[in-house]
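Undergrad: Using the sequences and the accompanying hints, generate a full structural model.
These protein sequences, in sequence, are chains A and B. Per my numbering, the first sequence runs over residues 88 to 203. Per my numbering, the second sequence runs over residues 48 to 159.
Rather than coming from a laboratory, the hints here were simulated on the basis of the structure. Hints may be right or wrong, so weigh each one.
Dumping the calculated DSS-like pairs for lysine-lysine here, alpha-carbon to alpha-carbon at most 25 Å [stated by the list, open to error]: (1) A/K105 x A/K140; (2) A/K142 x B/K50; (3) B/K50 x A/K144.
Have a look at the derived ranges for each label pair, beta carbon to beta carbon [what the hints assert, rightly or not]: (4) B/N101 x A/F107: 37 to 47 Å; (5) B/H87 x A/S94: 13 to 23 Å; (6) B/P55 x A/T201: 19 to 29 Å.
Reference excerpt, derived from the structure (chain B facing chain A, CB under 7 Å, subset only) [unchecked claim]: (7) C59; (8) G90; (9) P91; (10) F149; (11) G150; (12) T151.
Note that beta-carbon positions come from the ideal geometry of N, C-alpha and C, so glycine has one too.
Residue-level listing of the chains:
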Amino acid sequence: DVKVTQSSRYLVKRTGEKVFLECVQDMDHENMFWYRQDPGLGLRLIYFSYDVKMKEKGDIPEGYSVSREKKERFSLILESASTNQTSMYLCASSFNVQRGDYNEQFFGPGTRLTVL
Amino acid sequence: DAKTTQPPSMDCAEGRAANLPCNHSTISGNEYVYWYRQIHSQGPQYIIHGLKNNETNEMASLIITEDRKSSTLILPHATLRDTAVYYCIVRGATSGTYKYIFGTGTRLKVLA
Chain A
88 DVKVTQSSRY LVKRTGEKVF LECVQDMDHE NMFWYRQDPG LGLRLIYFSY
138 DVKMKEKGDI PEGYSVSREK KERFSLILES ASTNQTSMYL CASSFNVQRG
188 DYNEQFFGPG TRLTVL
Chain B
48 DAKTTQPPSM DCAEGRAANL PCNHSTISGN EYVYWYRQIH SQGPQYIIHG
98 LKNNETNEMA SLIITEDRKS STLILPHATL RDTAVYYCIV RGATSGTYKY
148 IFGTGTRLKV LA
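TA: As structure tokens, this is what we get:
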């Protein structure tokens with residue numbers, strides 16, 4: 088059974104703290120993604136990675152950074168958390184598009200982050 | 048990637064077919080239509096995808112118009128467990144960015 092796991096389901100942090108959100112996939116996928124989801128705005132892409140040590144900005148990268156040192160692990164970092172980063176964060180992974188047209192993204196269960 | 052337009056909400060009676068429309072008038076020739084759904088408190092889940100032809104799997108059917116400017120996801124016999132937000136996404140098979148653009152989706156409520 089394919090699996091994307093996220094380190095926490097719920098997280099509460101204080102303004103100014105450094106926050107790490109971890110995502111691990113066991114499907115040998117090349118691509119990994121971080122989204123945030125807010126009411127009325129749907130899912131918005133923060134960053135994605137198509138290979139180890141490679142990263143690309145998504146639509147809303149400001150205030151975030153990422154790290155991909157190993158193929159199976161993709162970390163989202165909030166250098167100095169702010170209240171407007173309170174959100175649901177979703178990680179996903181997929182095969183590279185060159186593997187064919189079937190390019191399903193598999194999602195983790197999400198981390199609900201509250202910044203006080 | 049092309050943008051999509053979906054109605055914000057729909058209701059469907061249990062046991063009836065749920066037909067969820069999606070407009071993607073700016074779709075280009077090599078872009079696929081993907082459908083995902085998100086049940087409350089879970090990550091989105093893949094349902095089906097297609098390019099030109101109609102597609103069917105164990106979950107749903109996807110009908111794409113001949114001009115490819117719109118599509119319909121059909122859940123043939125909706126159950127209460129199909130209550131979810133359904134996202135229609137268009138993405139290129141050869142896009143270097145490999146990314147989806149999610150809209151706000153259609154909130155489907157299946158009524159007993």
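Undergrad: Hint by hint, note whether the structure agrees.
TA: The hints, checked one at a time:
1. Between A/K105 and A/K140 the CA atoms are separated by roughly 21 Å; this keeps the pair inside 25 Å, and the hint holds.
2. Restraint check for A/K142 and B/K50: satisfied, since their Cα atoms lie roughly 24 Å apart, inside the 25 Å limit.
3. For a cut-off of 25 Å, the pair hint linking B/K50 to A/K144 stands: about 19 Å separates their Cα positions.
4. With their beta carbons about 45 Å apart, B/N101 and A/F107 fall inside the hinted range of 37 to 47 Å.
5. For the pair B/H87 and A/S94, the beta carbons lie near 22 Å from each other, so the given range of 13 to 23 Å is met.
6. Checked against the given bound of 19 to 29 Å, the beta carbons of B/P55 and A/T201, roughly 26 Å apart, stay inside it.
7. For B/C59, the suggested interface contact is broken, since its CB lies about 21 Å from the closest CB of chain A, more than 7 Å.
8. Contact between B/G90 and chain A, as hinted, is supported at the beta carbon level, the nearest pair being about 3 Å apart and thus within 7 Å.
9. Interface restraint check for B/P91: the shortest CB-CB distance to chain A comes to about 5 Å, inside 7 Å, so the restraint holds.
10. Interface hint at B/F149: satisfied, since its Cβ lies 4 Å from the closest Cβ of chain A, which is below the 7 Å cut-off.
11. The criterion of a C-beta within 7 Å of any C-beta in chain A is met by B/G150, whose closest approach is roughly 6 Å, and the hint holds.
12. About 4 Å separates the beta-carbon of B/T151 from the nearest beta-carbon of chain A, less than 7 Å, and the hint is met.
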